[in-house]
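2 protein chains.
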Amino acid sequence: MIYPFILSGGAGTRLWPASRKAFPKPFMPLVDGQTLFDKTIERIKQLPSAGPLTVITNESLRFLTADALRGSVAKQPRLLLEPTGKNTAAAIALAALDLQIRAGSDALMLILPADHLIAEVGAFSEAVQVAENVANQDWLVTFGITPQSPETGFGYIERDAQPLALEEGVAYRVRKFVEKPDRETAQAYIDSGRYSWNGGMFCFKVSTILAEFERHAPELLAACQVAVEHANQIHVAGMDMVEFKADDFERMADISIDYAIMERSERVAVVAADMGWSDIGSWTAFADASPSNAEGNVFDGEVIAINTNNCLVRSPHRLVATVGVENLIVVDTPDALLIAHKDHAQDVRDVVAELKARGHESHLLHQTVHRPWGTYTVLEEGERFKMKRIEVKPGATLSLQMHHHRSEHWIVVNGMARVTNGDKVFLLNTNESTFIPAGHMHRLENPGVINLVMIEVQSGDYLGEDDIVRAQDNYGRS
Amino acid sequence: MIYPFILSGGAGTRLWPASRKAFPKPFMPLVDGQTLFDKTIERIKQLPSAGPLTVITNESLRFLTADALRGSVAKQPRLLLEPTGKNTAAAIALAALDLQIRAGSDALMLILPADHLIAEVGAFSEAVQVAENVANQDWLVTFGITPQSPETGFGYIERDAQPLALEEGVAYRVRKFVEKPDRETAQAYIDSGRYSWNGGMFCFKVSTILAEFERHAPELLAACQVAVEHANQIHVAGMDMVEFKADDFERMADISIDYAIMERSERVAVVAADMGWSDIGSWTAFADASPSNAEGNVFDGEVIAINTNNCLVRSPHRLVATVGVENLIVVDTPDALLIAHKDHAQDVRDVVAELKARGHESHLLHQTVHRPWGTYTVLEEGERFKMKRIEVKPGATLSLQMHHHRSEHWIVVNGMARVTNGDKVFLLNTNESTFIPAGHMHRLENPGVINLVMIEVQSGDYLGEDDIVRAQDNYGRS
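Sequence order for the protein chains is P and S. Quick note, in UniProt numbering, the first sequence goes up one by one and the last residue is 478. Quick note, in UniProt numbering, the second sequence goes up one by one and the last residue is 478.
The set of hints was computed from the structure by calculation and includes no laboratory data. Warning: the hint list may mix true and false statements.
[Claimed, not checked] Only pairs whose alpha carbons sit at most 30 Å apart, straight line, appear in this in silico DSBU-like list of lysine-lysine:
1. S:K75 to S:K393
2. S:K21 to S:K75
3. P:K342 to S:K342
4. S:K424 to P:K424
5. P:K39 to P:K393
[What the hints assert, rightly or not] Derived contacts from chain P toward chain S, CB cut-off under 10 Å, selection only:
6. L164
7. V323
8. L379
[What the hints assert, rightly or not] Sample of chain P residues lacking proximity to chain S, with all beta carbon distances greater than 12 Å (derived):
9. V170
10. E179
11. Y259
12. E456
Ideal placement from N, C-alpha and C gives every residue a C-beta, glycine not left out.
Working from the sequences, and respecting the hints, build out all of it.
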């Protein structure tokens, strides 16, 4: 058996505005409707030896992650929740220590990023089977991706010319890791036949990786041991969640597993495979990984294209017309629009930096915000009013709350609501509405078995999210 | 005295998506917030001899036009309402016949398009004063625009080398009109010094233009005489409106004044002037007429521009980020987005043609729809709900109506409403709401002196605009 771990970390700033900090790249739908997170889970399900799944992510993404996991994995998934992102070395040390407690030191770990695309799932499965055998012989196994082109944005792995003498499986000792070579060097690497792209996937025994941490990063390991000891284990939404303490994270080094361990260890092997891998690292990579039409265009949404070639247009909600353009990236979202030349796809992160500098929320939030009880979407804001579409999951309950400065008007458009309005509790059916004056304690529940969909219209002089007094909350927010 | 007439006709399809059939080019705000219609009215106000204004437009645009006129002209404006657009010859014949009844055959007419920009209002005023004198000597006066570049999309006017021998004013007999020459010919025209652009502006006496219609287009004139005899004169919203009958329009030829009269008449003179004219005929012309930044960009809205040059970005409601692009036109509206290369700005009309072919409403309507009582904007439509922002003018009253399939929830966010709901009539104050069940007769009024702003949430199985039974209407729609 092998224990899969999904590292669900970064914000994917080069995929703004579809990917944001609060709704990052793994959860962004691709042209086929699936997300990279969905695809990662499907890939794991294909593995014959896969044991229970663990996801390591930021605590702010717990409900989004739980929603994505729900119903998709047979065995109960486990979430390791980081108060702040501390790079891959800390995440993997925490994962190994957590698994050691549950399954012992001989347990095998498979580390997978949440946001990579692998077209050839069969080749991936075969590589994992080889890696299991090699890892059982106390090697740290990295997966080497057969390079398709002299990319300058990736890390490369150089291996020995001859394979390791192993009891089972074919792998090579890693000679060195190289970060982002220039194009000429990259081409020389490809020509040599001894280099792979570093795909950021790993397989090893708990004992092997912990021994290497002990040798090469003892302080980080010690900090992670403290964090695991202090961690708070809870069971929410049918999942085990491990909450680490922010204080314990402050002491941890922000360092990658490559830099902390892989580049220093003598026990690193590479299993090379050609698996149709893409890191979907930019909109150009996204376009390359999506089906295109005869003019080389990738269209997701309603597009009227006149004299348009080699463009990516992603617009799920609105009509887009393109006239006489080529090599453009157009990404439309309810609150922000990106238009970039494909040659400048890497510079999209500069937009996110500029948004941060301007204090703009568009790098952070989408209009749809995930909450433990469901979602809300701000449909429109204007002078003295704000409108939300609120979707409450069956059985879920919002906090008992009060606003000083706004009245709220609730209209049920689907399902049934149980409403607390001052001292009254009543049911509100589809097409019915109620009115919560400012200063009234109120609560919304979905007592039914289908999603409750409501339109909330707020009106008043001040409509900030911070005008809220929570008297009671099922999710520990009061 | 001179009677100004504004021809407010075409849809401006090359300015889609900001200009649409139901909200055409004259009413589209420019970067300075004013519309071309506003600017045309301001231009007329500068004329010392200007008499009462008449606007000739489509009957579907009467309330939009009335709103634009309200408060902007001292004297009572008059609207000639065409059931269908029949080009400039019919519009001018109708205008002349209508004025003949009111002011006699010696009255002077000034014909101005609603959708041109004139930067030098002083030069325009001077040209009009010259034209008045020439027109009083029984000439049909056209205004010739001093050409700035060898444009191939405009009409050109060739004049005699020597001016006419007139009692007063300097003008030239027109030798011929030329439509859209090639670039070489256009350059030769400019070099000759005897050609002007045809700006589509005219000045003549009622008797002169009617005599020329009698000579060159007697059938069209006869049809227009019948239409004027059958026309329905009403007084609405403080304005005289003349409604022509659709039947009478069927017989009229769809022909321009240039083709029907100007190119055939012996009595055409040109007053040439350099007045900073632009027809704002495309987004490129729009950009050229707008202030730009150091990189040649025209930005209207919040834009994050990285490595962006010579672009027009118009996005009043959403953030736009541009990365590594140049010579692009980006026009964002709530329901449609245009991205075009400046060299292909003329082809934007092909988008409108394609929308028509697809039966798409985006060529027709904006999300904000003008009604006699005010406006409504569809904010969001979804399964089983539709939301509108409704703005009702002071004193205005919507029809008494009923819907079979939807309930309506009304929330007042500004002002005060008088609501009829079944057999009850009551006042609804800011931040209050009411609920109109399906099948209930209801009516909305604004009894106050400030605009009433309401959010309406419709919910039900069917939400089409045609589910309406009108029992009584102040605007003749029941």
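Right, here's what the structure says about each hint:
{"no.": "1", "hint": "S:K75 to S:K393", "result": "22 Å, holds"}
{"no.": "2", "hint": "S:K21 to S:K75", "result": "28 Å, holds"}
{"no.": "3", "hint": "P:K342 to S:K342", "result": "19 Å, holds"}
{"no.": "4", "hint": "S:K424 to P:K424", "result": "26 Å, holds"}
{"no.": "5", "hint": "P:K39 to P:K393", "result": "24 Å, holds"}
{"no.": "6", "hint": "L164", "result": "46 Å, violated"}
{"no.": "7", "hint": "V323", "result": "4 Å, holds"}
{"no.": "8", "hint": "L379", "result": "5 Å, holds"}
{"no.": "9", "hint": "V170", "result": "44 Å, holds"}
{"no.": "10", "hint": "E179", "result": "25 Å, holds"}
{"no.": "11", "hint": "Y259", "result": "30 Å, holds"}
{"no.": "12", "hint": "E456", "result": "10 Å, violated"}
Of the numbered hints stated above, those contradicted by the structure are hints 6, 12, listed in ascending order.
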